[in-house]
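Colleague: For reference, the chains in residue letters:
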Amino acid sequence: MGAILRLIICFGIAFLLLHITLTGELSLFLNPRLQPLILITAVLLMILGWVQVGNMGHRPLHRTGVTGYLLLLAPLLFYFLAPPSGLDVSMASKKGVQYLSPQAARNEQFVLNKEDTSTRIKGESQESTQDDSKDIREETAPASEEENTETGPESNNYYEQIVHDLKKMPVITLGEKTYLDRLNTLQMYEQEVTGKEIKIKGFIFYPNDTPDDMVLISRYAMTCCAADASVVGIFTRIPKSDQLKEGTWVEVQGVLEFMETEHGRFPFTKPTQYHKVDAPKDPYVYANY
Amino acid sequence: MVKWIREYRIEVTGLVVMATFLITMVYGIDILEQWRNQTEGLSAWSADLRNLSTLFLSIFFEGIPFILMGVFVSGIIHVFTGGDVIGRLIPKNRILAVFPAAFLGLLLPVCECGVIPVARRLIQKGLPSYVAFTFLLAVPVINPITIFSTYIAFGNQWEMVVQRTLVAAIIAVVMGLLCSFFLKGNVLKDKESPSSCDCEDSRDHPHPAHTKGRLRHALYHSLFEFVDMGKYFVAGALLAASFQTFIGLAAIREFAQNEWLAVLVMMLLAFGMSLCSSADAFVAASFRTALSTPPLLAFLVFGPIMDLKNLLMMSAHFQTKVILFFVAGTTLLTLLSVGFFYLI
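Order-wise, the sequence lines are chains A and B.
Using the numbering used here, the first residue of the first sequence is number 1, and each one after it goes up by one.
Using the numbering used here, the first residue of the second sequence is number 290, and each one after it goes up by one.
Pulled out of the complex, with its shape left as it was, chain A reads as follows (with noise of 0.2 Å):
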């Protein structure tokens, strides 16, 4: 019996690594850069039921309970009784907002290794002018692993090139793959984007600790997995009257500013226009996508 079940978790589990792989779901779990990893364990596991295959007839080298295999069975029933989905907007509360101080913004910067920084900042600068990009992989290239955990210069210079781009932008979105990285740069650059036409798309997400009609339109920004999910948006204002439930999707655009709040000053649209969309498949943006 043990066996049985022993090959039912290698071959289930791997499944079902597969399966999420190929319906795309993997995304609602965790970042997509991820991916590799999970194939390899998905073939990993393979491996294994093949050596239990070939040692059905023989004993187990160790006792295992039915409580110890019912739990590794938990993730296939979880995924099969339970069918996840994004996280709605019922768990924002509970994850909480993710206020980023401009020092913090900054800090999330180390996120960048040097490779990312070279290939993500030819990829922005194809719009920009040829000096510019020029001097940014002059001083990107000798990037080193001890430059990255200090504020060096090569940080500095890919919030530039975004902010740069996002000037020359007639109204300012945030996108999907670049949502973290403009929506850092609009906090670390306030001076030079306040004004700005800015158009955003989320969910409504009403935080505790902020006056009544202040909404947040709401993303989850995820850096590995959806536990470890937080909401980062934009602050605007809708009417009370409106109605709008928590985690309906709307676009709202207007002209960016910014508001004082408890945690330090952050992006505010007073919208001139708004109206609802629809929920995207993918609730998530992504850090270091």
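Please note: incorrect hints may appear among the correct ones.
As the list claims (entries may be wrong) - Beyond 12 Å from chain A on every Cβ pair, some chain B residues (computed):
| hint | residue |
| --- | --- |
| 1 | Val305 |
| 2 | Val306 |
| 3 | Leu346 |
| 4 | Leu357 |
| 5 | Pro417 |
| 6 | Val476 |
| 7 | Ser604 |
| 8 | Leu621 |
Unchecked claim - Which residues of chain B face chain A? A partial, calculated answer using Cβ under 7 Å:
| hint | residue |
| --- | --- |
| 9 | Gly303 |
| 10 | Ile353 |
| 11 | Gly519 |
| 12 | Phe571 |
By construction, these hints were calculated from the structure, which means they are not laboratory data.
No residue lacks a Cβ here, since even glycine has one placed at the ideal position from N, Cα and C.
Starting from the known structure of chain A, arrange chain B on it as the hints suggest.
Modeller: For chain B alone, kept in the frame of chain A given last:
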């Protein structure tokens, strides 16, 4: 017919399993999708359940690659090297012996679940108990897999990795030295209690001599280590996901007002969650938005050396006075070393 099946049972089972797997891969997805659309009702029943499921699975998916990596490596090492190699490498001098023991994990990467039977085995083979204890405390943190997963979890930053490794090394070395002065005599329980992780007992099952057989055996070892560690890991992931769903990280933020309280709460959490050291960094990273570095460090350092499941496994092998000494020592040292971080 029956005789034929018995003779080729391995091949037959193999074929059946592969066929089932392939069929499930090809047709199963559609069928399961349909079935899941019908059971949507179950999760509509409660948003909490759906969120719990999402969080639990995301922690599970994230941790399982690292657990498998650890299991494979340690399974192979278990069978191919054996404990005596380590015994020969350790010098006789007390202080000289303790330091390298703290970094043995870099050569012998076993997770915290695998390290207890290894440490017990080493003591049985005549290694001084204090060296084994240093090893026991340091290995779960100072090994390539944990270092790698901490690095990934904290967004490719070395800062937390370095702090975690250093603090763990200091605690392990100090505990080792303390043990060498205060713990005399037999530390193991006299009678060998049957345990869930007796893989080190070669008398339990002889290890085959030829290489191919040994590889098969190593892999079979890995399978059982996976089952043994996996169950604790799943339990931990479930606890952590329930905590996030029903209590919420925002609650921890309340404690974050008082840093010392936050440190204590995180140590308690680490103890209760009993996450595998190769995956706990991801959980710690999820608290990153709510807490400053010292409480996170307390979680990351205390969790691998002292938690519910380790305590269960240790109490099966070691005497009660040793356990008490361990709990008191590691708790105090973690508090001290984390407190040190406030000073600088």
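Colleague: Determine for every hint whether it applies to the structure shown.
Modeller: Hint by hint, here is what the structure shows:
Listed as outside the interface, Val305 (chain B) is inconsistent with that label: its C-beta sits roughly 9 Å from the nearest C-beta of chain A, within the 12 Å cut-off. At roughly 6 Å, the least C-beta separation between Val306 (chain B) and chain A is not larger than 12 Å, which violates its mark as non-interface. The beta carbon of Leu346 (chain B) is not kept farther than 12 Å from every beta carbon of chain A, the shortest such distance being approximately 6 Å. Not every C-beta of chain A lies more than 12 Å from that of Leu357 (chain B), the closest at about 5 Å, which undercuts listing it as non-interface.
Every C-beta of chain A lies more than 12 Å from that of Pro417 (chain B), the closest at about 28 Å, which supports listing it as non-interface. Consistency note on Val476 (chain B): stated as away from chain A, and its beta-carbon is indeed over 12 Å from all of that chain's, at 23 Å minimum. Every beta carbon of chain A lies more than 12 Å from that of Ser604 (chain B), the smallest distance being close to 17 Å; the non-interface claim holds. Consistency note on Leu621 (chain B): stated as away from chain A, and its beta-carbon is indeed over 12 Å from all of that chain's, at 30 Å minimum.
Below 7 Å, beta-carbon pairs count as interface contacts, and Gly303 (chain B) has one with chain A at about 5 Å; its hint therefore holds. Annotation: Ile353 (chain B) was flagged as interfacial toward chain A, and the flag holds, the nearest CB pair being 6 Å apart, inside 7 Å. Evaluation of the Gly519 (chain B) hint against chain A yields a held restraint, the C-beta minimum of about 5 Å falling below 7 Å. The beta carbon of Phe571 (chain B) is positioned within 7 Å of a beta carbon in chain A (closest approach about 6 Å), and the interface hint is therefore held.
When each numbered hint is compared with the structure, violations occur for hints 1, 2, 3, 4.
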